[in-house]
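Colleague: Single-letter residue listing:
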Amino acid sequence: MWDNQTIMMIVEGTGVTLYMTLVSTLIAYALGLPLGIVLVVTAPGGLMPNKIIFKILDVVVNIVRSIPFLILLMLIIPFTRFIVGKSYGATATIVPLAIAAAPFVARLVESSLLEVDHGVIEAAQSMGAGNWTIIWKVLVAEARTSLIVGGTISLGTILGYSAMAGVVGGGGLGDIAIRYGYYRYQADIMIVTVVLLVALVQILQMIGTRLSRKLDRRITR
Amino acid sequence: METMIQIKDVTKTFVGKDNTVEALKGIDLEIHKGEIYGIIGMSGAGKSTLVRCLNFLERPTSGTVYIEGKDLAALNNSELRNMRTQIAMIFQHFNLLMQRTVIDNICFPMEITKTSKKDAEARARELLSIVGLTEKEKAYPAQLSGGQKQRVAIARALATNPKILLCDEATSALDPTTTKAILTLLKEINVKYGITIVIITHEMSVVQEICSHVAIIDEGTLAETGTVEEVFQRPRSKAAKKLVFQGERDQYEEMKGKRCIRIVFTSNSSFEPVIANMVLACNTPVNILLADTRDIGGVAHGQMILQLPEDEGIAEKMIQYLKNRKLEVEELDNYVG
Ligand SMILES: Nc1ncnc2c1ncn2[C@@H]1O[C@H](COP(=O)(O)OP(=O)(O)OP(=O)(O)O)[C@@H](O)[C@H]1O
Ligand SMILES: [Mg+2]
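Residue numbers (our numbering), protein chains in the order written: chain X, 1 to 221; chain V, 1 to 337.
Treat the hints loosely; a few may be bogus.
Unchecked claim - For lysine-lysine, the following BS3-like pairs were computed, each having C-alpha atoms within a straight-line distance of at most 30 Å:
1. X:Lys137 <-> V:Lys136
2. X:Lys214 <-> V:Lys163
3. V:Lys17 <-> X:Lys214
4. V:Lys17 <-> X:Lys137
5. X:Lys51 <-> V:Lys241
6. X:Lys55 <-> V:Lys17
7. V:Lys8 <-> X:Lys137
8. V:Lys326 <-> V:Lys8
9. X:Lys137 <-> V:Lys163
10. X:Lys137 <-> V:Lys117
Hint data in this document are derived by calculation from the structure and do not stem from the laboratory. Here the structure is a predicted model, which means the values were calculated and not measured.
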């Protein structure tokens with residue numbers, strides 16, 4: 001049964017999973033990074049405190065985060081169809097993945113930025129820095145290690161979600177695992193896909209950790 | 001002399017959920033160009049709040065802050081940011097950007113003022129040589145000692161040629177030797193560039209070391225202001241006395257109940273023979289509990305604490321003896337508490 005076709009399918013599945021994960025993470029960051037920044041900046045005691053904006057975003061983020069992924073996936077099928085043109089397949093899965101991950105990313109970004117020492121922000125203010133400069137050159141630049149760690153966590157989480165999307169024919173390794181392992185009782189194929197998923201998470205984690213350590217100047221070597 | 005900073009009836013009230021704190025209760029202060037002005041007070045007295053009002057990191061609840069005659073409250077945001085490039089600040093915990101090299105930290109304020117990278121780096125190198133850290137250019141703050149970090153912070157503060165340098169407990173995280181070195185550096189900068197320096201501290205020794213003037217702040221009000229010499233030789237307010245005699249308090253507690261006096265020597269009295277002669281004249285020894293000479297603003301200044309003999313008559317005679325030699329004698333019992 002380990003014919004060429006099966007192997008090809010698994011190789012392709014791995015590629016599809018990576019494609020979904022990376023593109024979804026990218027979009028999730030395109031949404032979540034600004035969202036996280038706005039949360040930090042508008043929070044009470046932030047650079048530009050704004051109760052209304054902060055509260056609205058805070059609630060929205062919490063709501064989206066608390067909807068189980070599979071339900072969110074179903075809920076936004078009309079929206080997905082509108083964007084991608086169809087509601088199944090790898091590209092269509094990217095839409096709910098990115099939307100589910102964006103508030104998660106926003107929270108990770110928020111917590112990374114909050115780690116930046118308030119004294120450093122104050123020092124920048126005392127030099128006459130504007131908020132824009134402070135956001136990019138102090139908050140984001142100083143939190144970069146933590147942001148990269150957050151990015152690694154997001155990749156792993158989104159990869160896990162992408163496997164879940166297999167249930168509704170999302171494509172990728174998760175899809176294969178369910179079709180062969182669950183519906184056809186081909187345990188070996190399922191095991192291989194699971195091992196591949198684990199390996200992918202491990203590799204992403206390793207790259208992320210290496211990168212963040214390499215870029216962290218607080219560590220003395 | 002030209003007025004650099006003028007503070008008029010400044011108050012600051014922090015309104016919390018269930019309490020309000022009046023951190024400043026009507027402060028008036030004038031600081032002239034080129035002065036090194038110390039602001040000293042106990043913890044919670046309002047020192048940091050006051051110094052943060054000088055660059056509007058904290059906006060006063062009422063009152064006015066003038067920098068070179070300009071009312072800070074009248075400036076719009078961009079004018080205020082511009083003004084801040086002229087009022088540098090250094091901090092107790094240095095507040096360097098940990099992810100940037102030393103030289104990039106020093107370049108940071110010049111990025112804000114949009115100086116070209118080339119000019120900024122040249123200026124940064126010049127500053128590094130002034131603070132004596134040329135070889136650390138490419139190091140990261142995590143690789144530096146506390147004293148070195150503060151030197152970087154000073155270099156960073158000077159980058160935009162500010163007129164004023166505010167120091168909030170700039171040496172409080174440093175050991176005595178390093179403190180001395182940093183204070184010497186600040187003094188050099190003051191002399192060389194004529195920059196006005198405001199030093200916030202809770203340590204009298206810092207004020208003695210470099211300040212020309214001092215203000216004593218106590219529970220949000222100014223207890224006393226004057227030249228360092230004046231305030232040290234004749235502290236009038238309770239808060240001032242408490243600070244000036246800070247170091248002696250411990251010895252002092254033990255001697256409660258016994259009669260102790262403090263003698264103040266000014267520049268023209270040499271004290272060794274006076275005490276020796278007094279002992280000879282009265283034929284009774286005394287305990288010298290503390291002898292301390294300090295160099296305040298270039299004038300030798302000293303004090304001694306003596307424990308007098310039990311015998312009231314002899315004790316009285318000794319006090320008379322000292323007073324006759326035009327020394328200031330103060331009974332310490334009055335001061336305890
Ligand atoms: N942002 C704030 N919100 C509420 N209260 C504050 C705030 N900042 C300072 N205070 C209060 O104002 C008073 C003066 O504080 P400040 O920090 O100016 O004291 P300090 O003299 O600098 O003390 P220290 O030597 O401990 O630094 C304190 O009672 C403090 O609790
Ligand atoms: Mg303070």
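Colleague: Now tell me, hint by hint, if it's right for this structure.
Modeller: To see whether the hints hold, each was checked on the structure:
{"no.": "1", "hint": "X:Lys137 <-> V:Lys136", "result": "holds (22 Å)"}
{"no.": "2", "hint": "X:Lys214 <-> V:Lys163", "result": "violated (40 Å)"}
{"no.": "3", "hint": "V:Lys17 <-> X:Lys214", "result": "violated (44 Å)"}
{"no.": "4", "hint": "V:Lys17 <-> X:Lys137", "result": "violated (33 Å)"}
{"no.": "5", "hint": "X:Lys51 <-> V:Lys241", "result": "violated (47 Å)"}
{"no.": "6", "hint": "X:Lys55 <-> V:Lys17", "result": "holds (19 Å)"}
{"no.": "7", "hint": "V:Lys8 <-> X:Lys137", "result": "violated (36 Å)"}
{"no.": "8", "hint": "V:Lys326 <-> V:Lys8", "result": "violated (40 Å)"}
{"no.": "9", "hint": "X:Lys137 <-> V:Lys163", "result": "holds (25 Å)"}
{"no.": "10", "hint": "X:Lys137 <-> V:Lys117", "result": "holds (15 Å)"}
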